[in-house]
Amino acid sequence: MSDAIVLTGRAVRLSRRNLDAVLTAMLLPVLLMFVFVYFFGGAIDTGTRTGYVTYVVPGVMLLCAGFGSASTAVTVTNDMAGGIIDRFRSLDVSGTALVAGHVAASVLRNAVATTIVFGVAFLIGFRPDAGPLDWLAVAGILLAFILAISWLSACFGLIARTPEAAGGFTFLMMFLPYPSSAFVPIDTMPDWLHGFAGHQPVTPVIAALRALLLDQPVGDSAWQALSWCGGILAVAVALSGVLFRRRTA
Amino acid sequence: MTRQPAIEANGLKKAYGAVTVLAGIDLSVARGSVFALLGPNGAGKTTTVRILSTLTPPDAGDARVAGYDVVRDRPRVRRAISLTGQYAAVDEMQTGEENLCMMGRLAGLGRAGARGRARELLERFGLTDAARRTAGTYSGGMRRRFDLAAGLVGRPEVIFLDEPTTGLDPRSRQAMWDVVRGLAHDGVTVFLTTQYLEEADQLADRVAVVDGGRVVAEGTSGELKRQVAGERLDLVLTDAAAFAETARRLGGRLVHSDADRLTLGVATDGDAARVRALLDEIDPDRRAVRRFAVRGATLDDVFLALTSHQEAAQKETADV
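The listed protein sequences derive, respectively, from chains A and B. Quick note: the first sequence uses the numbering used here, first residue 248, plus one each step. Quick note: the second sequence uses the numbering used here, first residue 42, plus one each step.
Chain A on its own, in the form it takes in the complex:
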């Protein structure tokens, strides 16, 4: 456990010295939000009174969280491909402690990025209808999502041989929100997509965030979202342990 704390400090220092990557992770969702709100927004009728910006912000948050979390894959691969892993192993550091350090740093990075993206959203007219408890729940769900996706990307980082290959995971996370209700309502998509878009993990997360922010009935979406995140996290933690042992055997 104390190893994980020391390694979190390290991962945070490394992030601070790699600011351009952190900035990209913040700028990209902000730019996409502009694209959706100003370029496409006028043409998209989501059937809500509150305007497209309010509809799209949960999707943008998710995109931001997914994209930012996916960078964990690259940081993990960098460690595995470099000489430092031999040092860690000779200090008897466990794979779980190493991954936990990267994931914790990812959560902190994303907390900052998410706050900034929310700030920009407010500036361009995002007006949610959420009370303090709702905000707390929003933070909790985003945190669970970031945690799950970060740990999952760490698994990709343990599989990939080069940082470039690990970067591929970022693309997957960039596209996953599109076939969901993140940017447009699902019933506007072709029928064959409904099955996937309605049941993929991003959808309940989006639904829960949107319901909480707009003070609408949350229904089962919050529990579904947390179950997905919990499930992904549990699988990723177990998988990362196996992958680390296999990679370093």
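Derived by calculation from the structure, the hints in this document are not laboratory data. It is possible that part of the hints are untrue.
[To be verified] One-sided and incomplete, this derived list gives chain A residues near chain B with beta-carbon spacing under 8 Å:
hint, residue
1, R264
2, N265
3, G330
4, I331
5, D333
6, R334
7, S337
8, D339
9, R494
In this text, a Cβ means the ideal position worked out from N, Cα and C, and glycines have one as well.
Starting from the known structure of chain A, arrange chain B on it as the hints suggest.
Only chain B this time, still in chain A's reference frame:
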């Protein structure tokens, strides 16, 4: 306990796919001594170090380091050793001080203890001025010293140095040698690999020569040098016929043979009377040898002299 060797390996074998890297390595290294594993690229030096430092499990054989089995007691071995490899095992984006503090804490020191140890090591390796620079900005020599310092954070009993001076300029190499001598003086066991005969000669109490995944000779560097004459007599022959005839006369004494350049090499100690006698013996008519030169033996000569003539010939064909 003190009678027990610091490192003991029996019949270590390792293959990667169809490629055999270690074909049965036996080693014994006394506590507090400096031991050098000398060999060319691909001889199995790094694999041996990785097995002894628990990073790679052997396919067969067993090894004990600091009294613990490298497979069964892996955590204990790891606490007792440090490894400095050919590639710097530090974070380039962290400063020297941050790296060492981090490693100190991972080695179980408290916050203050880790900081104190970091300062002490930076001071000892002449890196105090660079303590607040990121390790990525260090020069090659500084990086090797720093890497070694990083390995010493946990006060290991046994230190593995994999090619500590490969690629360093003469001054940095000298500085590294001083550091290794300092470690030996402190009573730590040092196990180093090198491609340089001179390095083994300068630093090691005992040397094992490895080639093709086997130990082909072991002893003090003095003993090894007596097995290989210190110098080599190079003969340039007049023509192909003379070359063939002389090669036949020399037989197993040959340590070098280059048919294209009509050159043959024989081990010698450089003694004038013996060189003259040898020339008379192989060229009684004084027609076959056109020129000769006596020069210091290279590592190649050592290997060729230490591996059997037949194996050497096979190796030369394989290299072509």
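Structure-based check of each hint:
1. Given the 8 Å rule on beta carbons, the hint for A/R264 holds: about 5 Å separates it from the nearest Cβ of chain B.
2. Interface hint status for A/N265: upheld, as the beta-carbon distance to the closest one in chain B is roughly 7 Å, under 8 Å.
3. Given the 8 Å rule on beta carbons, the hint for A/G330 holds: about 4 Å separates it from the nearest Cβ of chain B.
4. With a least beta-carbon distance of about 5 Å to chain B, the hint placing A/I331 at the interface is held under the 8 Å criterion.
5. Annotation: interface hint on A/D333 holds; nearest CB of chain B at approximately 5 Å, less than 8 Å.
6. Here the hint on A/R334 is kept, as its CB sits about 4 Å from the closest CB of chain B, short of 8 Å.
7. Annotation: interface hint on A/S337 holds; nearest CB of chain B at approximately 5 Å, less than 8 Å.
8. Interface hint at A/D339: satisfied, since its Cβ lies 5 Å from the closest Cβ of chain B, which is below the 8 Å cut-off.
9. Hint status for A/R494: violated, given a least beta-carbon distance of 12 Å to chain B, over 8 Å.
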